Amino acid sequence: MPDWRKVVREHMGNLRLPPETREEVIAELASHFEECEDNAPHERPDTGELDVHAVKWRRLARAIHSAKREEAIMNRRIKSLWLPSLANLAAAVALMLLFDHLNFEEPGIATFSHVAKAFRLPWLLALPMLGALGALLAKHARGSFAQRLIAGLAPSFVWLVVMVTVGLFLILDPRHFAGVSLSDFVFSTLGLVVLSALALLLGTLPFLGDPQREVQE
Amino acid sequence: MTRRIRSKIARGSGELAILSLLAEQPLYGFEIAKQIGERTGGALQFTLASLYPLLYEMEKRGWVEGHWQTNHAGRDRRYYRLTAGGRKQLAPLRQEWRAFFQALDSLAGVSHA
Numbered sequence: 003m004p005d006w007r008k009v010v011r012e013h014m015g016n017l018r019l020p021p022e023t024r025e026e027v028i029a030e031l032a033s034h035f036e037e038c039e040d041n042a043p044h045e046r047p048d049t050g051e052l053d054v055h056a057v058k059w060r061r062l063a064r065a066i067h068s069a070k071r072e073e074a075i076m077n078r079r080i081k082s083l084w085l086p087s088l089a090n091l092a093a094a095v096a097l098m099l100l101f102d103h104l105n106f107e108e109p110g111i112a113t114f115s116h117v118a119k120a121f122r123l124p125w126l127l128a129l130p131m132l133g134a135l136g137a138l139l140a141k142h143a144r145g146s147f148a149q150r151l152i153a154g155l156a157p158s159f160v161w162l163v164v165m166v167t168v169g170l171f172l173i174l175d176p177r178h179f180a181g182v183s184l185s186d187f188v189f190s191t192l193g194l195v196v197l198s199a200l201a202l203l204l205g206t207l208p209f210l211g212d213p214q215r216e217v218q219e
Numbered sequence: 796m797t798r799r800i801r802s803k804i805a806r807g808s809g810e811l812a813i814l815s816l817l818a819e820q821p822l823y824g825f826e827i828a829k830q831i832g833e834r835t836g837g838a839l840q841f842t843l844a845s846l847y848p849l850l851y852e853m854e855k856r857g858w859v860e861g862h863w864q865t866n867h868a869g870r871d872r873r874y875y876r877l878t879a880g881g882r883k884q885l886a887p888l889r890q891e892w893r894a895f896f897q898a899l900d901s902l903a904g905v906s907h908a
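Protein chains in written order, with our numbering: chain A, 3 to 219; chain B, 796 to 908.
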């Protein structure tokens with residue numbers, strides 16, 4: 003019996019994959035030849051399989067490289083998660099700046115006496131559309147349930163990170179936040195993170211249904 | 796029919812065949828090819844060059860999962876099993892193909908008796 007691993011390696015040695023992955027592919031293809039040989043007298047899936055010269059190795063290497071490479075995963079993730087999330091975030095920030103410019107209140111940390119600043123009502127009312135936008139883009143890119151949810155709620159995640167960072171600074175060095183109490187900060191966080199998340203979720207929900215299950219039903 | 800369309804049909808039918816088989820039990824590459832050949836009376840045939848790129852592609856999409864395991868003959872083989880994602884993919888794929896054949900049948904009367 004030939005050393006199939008050696009035979010395959012001779013043909014697939016230049017497969018452009020990480021060494022560990024390449025070795026696994028070589029081992030698997032070699033095991034296929036072993037099986038073909040074991041079954042040869044009686045049965046085998048393809049009569050030309052044992053003729054290594056009949057295999058178009060270069061084409062096979064290209065196909066395996068294309069199937070195994072991680073870029074495709076990255077591209078898909080970019081389309082189904084990062085782009086929808088960024089589009090949603092950009093639209094949310096643009097709308098917030100627009101409403102702040104048109105209106106209404108200077109952006110910043112709110113106080114109990116400036117309720118409108120914490121709860122930007124026009125902005126909050128527009129957020130369901132943006133949640134829908136993010137989730138819809140993710141759905142179009144065949145994003146998973148989690149990806150559609152994240153894309154729909156993306157702005158709230160960013161506000162959360164911002165507010166946690168600001169909160170830490172507020173606790174560590176309150177001098178930079180003269181006049182802003184912790185309760186004011188919590189109040190702002192509620193408006194910016196929690197209410198925005200709820201508004202975004204409202205728009206996201208219709209797009210969370212599993213399209214595959216819909217077809218199935 | 797262009798080569799592109801033909802290749803898409805072949806690929807789609809291959810995906811459905813593999814997912815359907817793996818829904819029954821985990822199998823390794825050779826067994827997958829063998830069973831597909833046997834159960835379709837040789838109408839569907841996988842070669843080394845057509846099987847593994849497709850399996851790897853399906854693995855990358857998260858439909859199947861490969862793991863090394865010793866077979867009944869005591870040899871290490873890479874078995875593939877269906878993931879939850881693959882199981883979810885199977886029903887709509889079946890539906891698509893059913894609709895495809897129905898459409899073709901109404902157009903060209905190609906269904907079997």
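Just to be clear, a hint being listed does not mean it is correct.
Only pairs whose alpha carbons sit at most 27 Å apart, straight line, appear in this in silico DSS-like list of lysine-lysine [as the list claims (entries may be wrong)]:
id : chain 1 : residue 1 : chain 2 : residue 2
1  : A       : LYS81     : B       : LYS855
2  : A       : LYS8      : B       : LYS883
3  : B       : LYS855    : B       : LYS883
Covered stretches of chain B (in silico footprint by chain A; criterion: 3 or more residues with CB under 8 Å from a CB of chain A, positions within the stretch not fixed) [claimed, not checked]:
id : segment
4  : 815-825
5  : 866-880
6  : 895-904
Some chain A residues well away from chain B (every beta-carbon gap over 12 Å; in silico) [unchecked claim]:
id : residue
7  : GLU12
8  : ALA29
9  : ALA93
Just so you know, these hints were derived from the structure itself, not from any lab.
As the structure is a computational prediction, the values presented were derived from the model and not from experiment.
C-beta: ideal position from N, C-alpha, C; glycine also.
How the hints compare with the structure:
1. A:LYS81 - B:LYS855: Roughly 16 Å separates the two Cα atoms, so the pair holds.
2. A:LYS8 - B:LYS883: 39 Å, violated
3. B:LYS855 - B:LYS883: Holds, at roughly 16 Å.
4. 815-825: Per the Cβ count (3), the hint holds.
5. 866-880: Three-residue rule met by the segment 866-880 of chain B, so holds; n is 5.
6. 895-904: With 0 residues close enough to chain A, the hint is violated.
7. GLU12: Per Cβ check, GLU12 (chain A) is outside 12 Å of chain B; nearest 15 Å; holds.
8. ALA29: Since the minimum Cβ distance to chain B is about 8 Å, ALA29 (chain A) lies within 12 Å and the statement is violated.
9. ALA93: 30 Å, holds
Going through the hint list in order, the structure does not satisfy hints 2, 6 and 8.
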